[in-house]
Every structure is written in C-alpha cells, then in structure tokens.
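Visitor: Spelled out, the chains give:
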Amino acid sequence: MRIEYDLDVLKPHQPDNWELAQVIMEIEGVTFVQIKTDEIDQKTTSVFLTIKGNGDLNLTNIKNALEDMNCALHSVDRVQIDNRS
Amino acid sequence: MRIEYDLDVLKPHQPDNWELAQVIMEIEGVTFVQIKTDEIDQKTTSVFLTIKGNGDLNLTNIKNALEDMNCALHSVDRVQIDNRS
Amino acid sequence: MRIEYDLDVLKPHQPDNWELAQVIMEIEGVTFVQIKTDEIDQKTTSVFLTIKGNGDLNLTNIKNALEDMNCALHSVDRVQIDNRS
Amino acid sequence: MRIEYDLDVLKPHQPDNWELAQVIMEIEGVTFVQIKTDEIDQKTTSVFLTIKGNGDLNLTNIKNALEDMNCALHSVDRVQIDNRS
Amino acid sequence: MRIEYDLDVLKPHQPDNWELAQVIMEIEGVTFVQIKTDEIDQKTTSVFLTIKGNGDLNLTNIKNALEDMNCALHSVDRVQIDNRS
Amino acid sequence: MRIEYDLDVLKPHQPDNWELAQVIMEIEGVTFVQIKTDEIDQKTTSVFLTIKGNGDLNLTNIKNALEDMNCALHSVDRVQIDNRS
Amino acid sequence: MRIEYDLDVLKPHQPDNWELAQVIMEIEGVTFVQIKTDEIDQKTTSVFLTIKGNGDLNLTNIKNALEDMNCALHSVDRVQIDNRS
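Top to bottom, those sequences are chains A, B, C, D, E, F and G. According to the working numbering, the first sequence holds residues 4 to 88 in order. According to the working numbering, the second sequence holds residues 4 to 88 in order. According to the working numbering, the third sequence holds residues 4 to 88 in order. According to the working numbering, the fourth sequence holds residues 4 to 88 in order. According to the working numbering, the fifth sequence holds residues 4 to 88 in order. According to the working numbering, the sixth sequence holds residues 4 to 88 in order. According to the working numbering, the seventh sequence holds residues 4 to 88 in order.
Please keep in mind that the hints were generated in silico from the structure rather than gathered at the bench. This one's a predicted model, so the numbers in the text were calculated from it and none came from an experiment. Each residue gets a CB set at the ideal place from its N, CA and C atoms; glycine is no exception. Treat the hints with caution; some may be incorrect.
Derived CB-CB ranges, DEER-like [unchecked claim]:
#, chain 1, residue 1, chain 2, residue 2, range
1, D, Pro18, A, His77, 50 to 60 Å
2, D, Asn61, E, Glu42, 40 to 50 Å
3, E, Arg87, G, Asn61, 14 to 24 Å
4, G, Ala68, F, Lys46, 21 to 31 Å
5, G, Ala68, E, Asn73, 33 to 43 Å
6, E, Glu42, G, Gln45, 37 to 47 Å
7, D, Glu31, E, Glu42, 30 to 40 Å
8, A, His77, D, Asn86, 56 to 66 Å
9, F, Asn57, C, Ala68, 24 to 34 Å
Work out the full structure: start from the sequences and follow the hints.
Guide: Here you go:
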C-alpha cells in the first residue's frame, strides 16, 4: 500500500525547511518528503508538503510532529491511497 | 477489468479527507482512491474523488458509503471501463 | 486491428453514465469505454464517449445501442483505425 | 520506411467519417488512419486526416480515393518520411 | 553522429510538399524529413523543414537541392550535432 | 537516500556560474548541480541552484561554501528527501 | 561526469550556425551541440547554444573558440554538472 498527502502548512521561520523535512522523514512509514516554500511573511512561512509512504504512514503522527514544531496544518489538499501491486 | 470513476462530492468538514479515503478503500473492488479538496465553505467541503478498481467495483456501494458519511454525490464526471489485457 | 471513436452524445439523465458504460461494454468488439460529462441541462446531459475496440467493433451496433437507451449520437468527432502490429 | 501525412479535407456529409476511414484503410500501404471533425457546415464538413503507412503509401492513390468520394484535398499540412531503423 | 536541421524555406506551389520531401530524402545521409506548411500566399508557400541524418549529411547538398527546385533557404533556425553513443 | 535542494542565491559577478558549480560539486555527497541565471544587476547576479546528492549531503556545508565565495543564500525554495528504493 | 551549458552568444552573420556547430564539435570533450537562432539583426545574429560533454569539457576552450570566430559570449545562462552513474 502506497499513501500520499499534499499538505498546506503554516510554520514559523524556525525550524527551516530542511529541519522540518528531517523530522518528518523520521515518522513511521514515511519514505519521501518534499517541502516547497509558498509565501514568506514577516513571522511565518506557508509551505506545501508532499509526503509519501507505505501503509504504516499515519496522518495523526504527522499532525503531532508538525504541532511539536509549532507548525499549523492548514489543510489536507490531497489524500491518495494506492493498493495496486 | 479495470474500472475508474471521477466523482464530484459535497461533504461536511467531518469526516475529513483521510477518513473518507480509508472508508472508500474498504469497499469491495477498490484498489486506488484519491481525494482532492476543491472548495472549502463554512459548513461543507466540495472534493474531487478518483476511484479505481477491478470488476467487483460497484457504484452503488460507493454511493451507500458516501451517504453513510453524510456526503452527497453531486455528479459522476467520468466513468471508464477497460477490458484490454 | 484497433479501432477508436470519440462520440458526442446527448442523453436523458437516465440511464446514468455508469449504466450507459455497461451497455456499451457489452457490444461486440468493445474493449474500452470512457464517458465524461460535458454539460448538464434540465432534461438532458451531453457527454463525450471514447470507445476503443478490435476489428469487430461496428459503429452501427453502437448507434443502435444508444438509440435503445434514448440517446442521440450528435456527432462522430474522431475515428481511428490502427493496423500496425 | 514510414510515411505520415496530415491532410486538410473538405467533404460532403456523406460519406461519414467512418466510411471515409474504411476506404482509406484499403489503400495500398496504409496502416493507420485518424479522422477528426474540424467544422460542420450546412453542406460540407472539413476534417483533418492523419494517414500513416509504409513505403508503398502513395499520395496519388489517396487523392484518387478522396475524389471518388467527392472529397476535396484542401491542403497537405505535413509530410514526413522516416527511414531510420 | 546524428545531425538535425530546422530550416525555414520559401517555395513555389510546385513542387508540392510530397515531391520536395522525396527529393530531400534522396540526399546523401538523410534518414528523416518532415515538411510542415506555415503560410500559403498567392505564388509561394513558406514551409518548415526538419531534416535528420547521419554524419554524411551536408547542408550544401541540401541548399543545392532546394535551389534546383526553385526554393529559397530563408534561414537555418536550428543546427544540432549529437555524437553521444 | 536521495536529497535535492532548490536554492535562491545572490552572488557577485565573480565567481562565475562555472566556478561556483565546480566548488559545489566538491562538497561531500553532491552528485549533481545546476545553476541558472535569474537576473543580472550591476554588482550582483541572482541564480537558481538545484543540488542533488546522497545522504551525506549537508546544507550547512553548502551554506559555508556559498559564504566562502561571498554568495548569500536568499532562500531554500525546495527540500526533498527520497528514501524509496 | 556529464557537463551541460546554455550559452547566449552574439555572432556576426558569418560563420553561419552550421560552421559554428562544427567548430564547437571539435573542442575537447564536446559530444553534443545545438544552435538555435534567436534574433537576426542587420550585422549580427544572437543565438542560443546548448553544449553537452564529458568531464574534459572546458568553458575556457569554448570561449576561445567563440572569440576566434568573432563571436561574443554574452552570458552563461545555465551550467550543469552531473556525476550520477
């Protein structure tokens, strides 16, 4: 099973994209993460996250990791579950 | 036989896209589901669903599952049946 | 020999796209059918049909099946015959 | 040797695209034909023909076949000869 | 070695695209020719020629062949030499 | 593990793109670098860097190398970590 | 190691694109050259050069060859070094 998410996230300037990517990469089931900067404001940065993983990937774990880094999950723009061999 | 649907669905904010995807994934014959958010209004969210499956995939089962989650199937935008080996 | 058609069809709301696809799939020589909704009016829906098949696919059979379901074949937008191995 | 033509053709409503495709398919060297409707006027239809074939494909034969069906070859928009193995 | 040219050519209505393609195909080293009509004026037609060939392909030979058919080589829009195996 | 960065960098005219690419190529873990010029001003040039590498690639090393060449890392536009086999 | 450059070059009408391509092809390490005409002025032509090669490809050699033909290297728009196997 392959799972993919596109997430719209509002984050403080720290942690930066690289630190954020590394923390997400440590979550169970994650095999791929891409973070693209959308807009940089004075105190926050909005970013687009694409996260791919296997059947162990769990959105609650992602939400918790984001909150631990003071990031707000603004919206889940795309969810995809693919069970084709 | 491979079957694909593009569905236009109006749903309450709960269940969220991830819960909706998981329920659809449990329907007989479903092998792939993608949910993309189209518009978020005050009480509802309109989403685009792409569902792929084998010959056991049955639109009535999808409709029933959507209704059980208080979602309205607004329109069936695309139906595809592919029997090529 | 592989044959493909793009058809522009005007249909009543019933049968819906799924029923229409299933009936076309039963026609001799048909191996693939895709139905996309173009416009929904008060009494009718205009749809785009893509039908693919082998050398046994016969447009007369498709026309007859459409008429049996009260659908009007508005135009044959594309015809393709491919005999390359 | 593979030969391809894109032709701009003005035809009466009869023969229709399917009959036209079948006649062209019978011409020596033709292995592929695609006919797309461009514009439908009161008495005529302008169509785009793509014809592919091997080294036996001969434009004179195509012109003759079109004239036999009261079609006018308006222009030869693309000619391609490919001799790469 | 693979060589490719995109040429902008002004030609009289005769020879037509097909005759022009056949003559170019006879030039030493040519393995592919495509001729697309750009604009048709009262006495001339401007066409885009794409010619591909091996290391024996020689632009002087192409120019001479074009002049022999009363065609003017307006510009050489692209030259490509590829020596990668 | 494959890592990719898109970086927005402000650099003096010297070092030029080629020198910059060569220095970055020497950083541990780097396997690919692309530098595209975005805007050339009187004293500075803004460039887009795409850097790809393996798990040994470290953004701090890249930042240090850029600073050593008097380049300012304006923003990290994209970070991608791919652990799929 | 594969190296690629996109160069913006201002050249006199002579040498023409074909002569220029042949001279660049003789430079050590060059395996591919593409020259596209951008703008033709009264005395000069601006062209886009894409040059690909192996690790022996050296920008200084390209600059020298261009100057020998009275061409001015206006800018290096893209530099790419790829060391992935």
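Visitor: Give a verdict on every hint.
Guide: Do the hints match the structure? See the list:
1. Judged by the Cβ atoms, the range 50 to 60 Å given for Pro18 (chain D) and His77 (chain A) holds: they are separated by roughly 58 Å.
2. The given range of 40 to 50 Å is broken by Asn61 (chain D) and Glu42 (chain E), whose C-beta atoms sit roughly 27 Å from each other.
3. Distance hint check for Arg87 (chain E) and Asn61 (chain G): the Cβ-Cβ separation is about 18 Å, which falls inside the suggested range of 14 to 24 Å.
4. Ala68 (chain G) and Lys46 (chain F) have their C-beta atoms about 30 Å apart, which keeps the hinted 21 to 31 Å range intact.
5. At about 37 Å, the beta-carbon gap between Ala68 (chain G) and Asn73 (chain E) stays in the expected band of 33 to 43 Å.
6. For the hinted restraint 37 to 47 Å between Glu42 (chain E) and Gln45 (chain G), the CB-CB distance of approximately 24 Å leaves it violated.
7. The hint said 30 to 40 Å for the Cβ distance between Glu31 (chain D) and Glu42 (chain E), and at roughly 33 Å that hint holds.
8. Judged by the Cβ atoms, the range 56 to 66 Å given for His77 (chain A) and Asn86 (chain D) holds: they are separated by roughly 57 Å.
9. The supplied range of 24 to 34 Å is broken by Asn57 (chain F) and Ala68 (chain C), whose beta-carbon atoms lie about 58 Å from each other.
Hints 2, 6, 9 from the earlier list are contradicted by this structure; the remaining hints agree with it.
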